[in-house]
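Asks: Mapping of the sequence shown onto our numbering: position 355 corresponds to residue 355, and the numbering continues sequentially without gaps.
To be clear, the hints were calculated from the coordinates, so they are not data collected in a lab. Don't take each hint at face value.
Computed list of lysine-lysine pairs in DSS-like fashion (alpha-carbon distance at most 30 Å, straight line) [said to hold, decoys possible]: (1) Lys79 / Lys49; (2) Lys268 / Lys254; (3) Lys253 / Lys268; (4) Lys226 / Lys253; (5) Lys239 / Lys226; (6) Lys226 / Lys49; (7) Lys368 / Lys342; (8) Lys49 / Lys254; (9) Lys372 / Lys342.
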Amino acid sequence: MTDTLTPVLTANWGDERAWTLPAYAEQGGYDALDVALGMAPEDVQTMVKDSGLRGRGGAGFPTGVKWGFLPPPDPENPKPRYLVVNADESEPGTCKDIPLMMASPHTLVEGVIISSYAIRAERAFIYVRGEVLHVIRRLQAAVREAYAAGHLGTNIHGSGYDLDLVVHAGAGAYICGEETALLDSLEGRRGQPRLRPPFPAVAGLYASPTVINNAESIASVPAIVKNGADWFAGMGTEKSAGVGIFSLSGHVKKPGQYEAPLGITLRKLIELAGGVREGHELKFWTPGGSSTPLFTQEHLDVTLDFEGVQAAGSMLGTRALQIFDDSVCVVRAVLRWTEFYKHESCGKCTPCREGTWWLVQVLERLEKGDGKPEDLDLLLDQCDNILGRSFCALGDGATSPITSSIQYFRDEYLAHLEQGGCPFDPATSTAWAESK
Numbered sequence: 001m002t003d004t005l006t007p008v009l010t011a012n013w014g015d016e017r018a019w020t021l022p023a024y025a026e027q028g029g030y031d032a033l034d035v036a037l038g039m040a041p042e043d044v045q046t047m048v049k050d051s052g053l054r055g056r057g058g059a060g061f062p063t064g065v066k067w068g069f070l071p072p073p074d075p076e077n078p079k080p081r082y083l084v085v086n087a088d089e090s091e092p093g094t095c096k097d098i099p100l101m102m103a104s105p106h107t108l109v110e111g112v113i114i115s116s117y118a119i120r121a122e123r124a125f126i127y128v129r130g131e132v133l134h135v136i137r138r139l140q141a142a143v144r145e146a147y148a149a150g151h152l153g154t155n156i157h158g159s160g161y162d163l164d165l166v167v168h169a170g171a172g173a174y175i176c177g178e179e180t181a182l183l184d185s186l187e188g189r190r191g192q193p194r195l196r197p198p199f200p201a202v203a204g205l206y207a208s209p210t211v212i213n214n215a216e217s218i219a220s221v222p223a224i225v226k227n228g229a230d231w232f233a234g235m236g237t238e239k240s241a242g243v244g245i246f247s248l249s250g251h252v253k254k255p256g257q258y259e260a261p262l263g264i265t266l267r268k269l270i271e272l273a274g275g276v277r278e279g280h281e282l283k284f285w286t287p288g289g290s291s292t293p294l295f296t297q298e299h300l301d302v303t304l305d306f307e308g309v310q311a312a313g314s315m316l317g318t319r320a321l322q323i324f325d326d327s328v329c330v331v332r333a334v335l336r337w338t339e340f341y342k343h344e345s346c347g348k349c350t351p352c353r354e355g356t357w358w359l360v361q362v363l364e365r366l367e368k369g370d371g372k373p374e375d376l377d378l379l380l381d382q383c384d385n386i387l388g389r390s391f392c393a394l395g396d397g398a399t400s401p402i403t404s405s406i407q408y409f410r411d412e413y414l415a416h417l418e419q420g421g422c423p424f425d426p427a428t429s430t431a432w433a434e435s436k
């Protein structure tokens, strides 16, 4: 498909009361479920695998392959299987799953039913960030509608397949976006990452085989089942198939969600978003949220797929494209992100718990102009002692904006020391500031 924007997940967002079952059914909602129930579960898995769908939550692991990691049932020690949807969207800049669940929750619900059938699970969970109460209520209403219509419960569509779906509200911890911390939270414990192995596919929720997928990944399944694996694989790039929701925020004229094939460039997306605000130029941006290394204007033509972004030195992540123009102080922005990671560290491991605290101390000194040039090397040394040594990816993510900002904007850090403070006016960097 050669169209720039390819609305699949977002196709019905503008419909009247798109979040209700009648509106969803009018657009062919739950037709894919009938198709899936007419297939063997293994064939549904194969279709998803052949489509090339990769995890949309950041890591980009092939979804169908992940489903295949579940061990075969043991007749001597039968255990239930679970599907858990990670909808704990919490990273700064990431804002794709919440609008998806608000606009079309039944897309996700249908995806949950088909995916659960494919892995032979009879109970599924959608874990949602606790602060987004409006999203939780909308999801719960969609689940009630699905039960009433016979899409959930016992003997779904007369197929003999049973499924119960629970919408679970978290307590607002960023760490619970890490899949094993999410499982601990779902079991009623404090959300902290687990030691692996065993991996969730073998011993996940309640020590049973569990598949954990991002909300967008699961919501993509109905369209694949309905249109075929080749249809999905025909979009995007060879190794990064399909479409994805790109979230543009910050200094663009029309921020929002842009669903396009993987492999599009930021230059094209900014063009679709009306360009950077008048009187300013692009300075830096995040390709996948605040935990990914920064890019600059020189990366405008990097293909936004897993391989292209990685080759350029960052990660596609959640495709959270935060756009910062030349009015923004990169030191101040990086400090704000680091304060977030310091606050959200679960405290389980020393490198992350202590390291993020020290990163904030040094960055605060630099931003105020009280530091020394050697503090830049100290920051890099601290990052080196956190990267790859923390219990989960939170610590690694905290170092990414620091190391990349020093790589591209070392002179700006030094300017704070030379001028005895920040040379930027923070008021001019607000999204609503008038251009001069």
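Asks: For every hint, state whether the structure bears it out.
Replies: Structure-based check of all given hints:
no., hint, in the structure
1, Lys79 / Lys49, "25 Å, holds"
2, Lys268 / Lys254, "13 Å, holds"
3, Lys253 / Lys268, "14 Å, holds"
4, Lys226 / Lys253, "35 Å, violated"
5, Lys239 / Lys226, "22 Å, holds"
6, Lys226 / Lys49, "15 Å, holds"
7, Lys368 / Lys342, "19 Å, holds"
8, Lys49 / Lys254, "35 Å, violated"
9, Lys372 / Lys342, "22 Å, holds"
The structure does not agree with the numbered hints 4, 8 stated previously, though it agrees with the rest.
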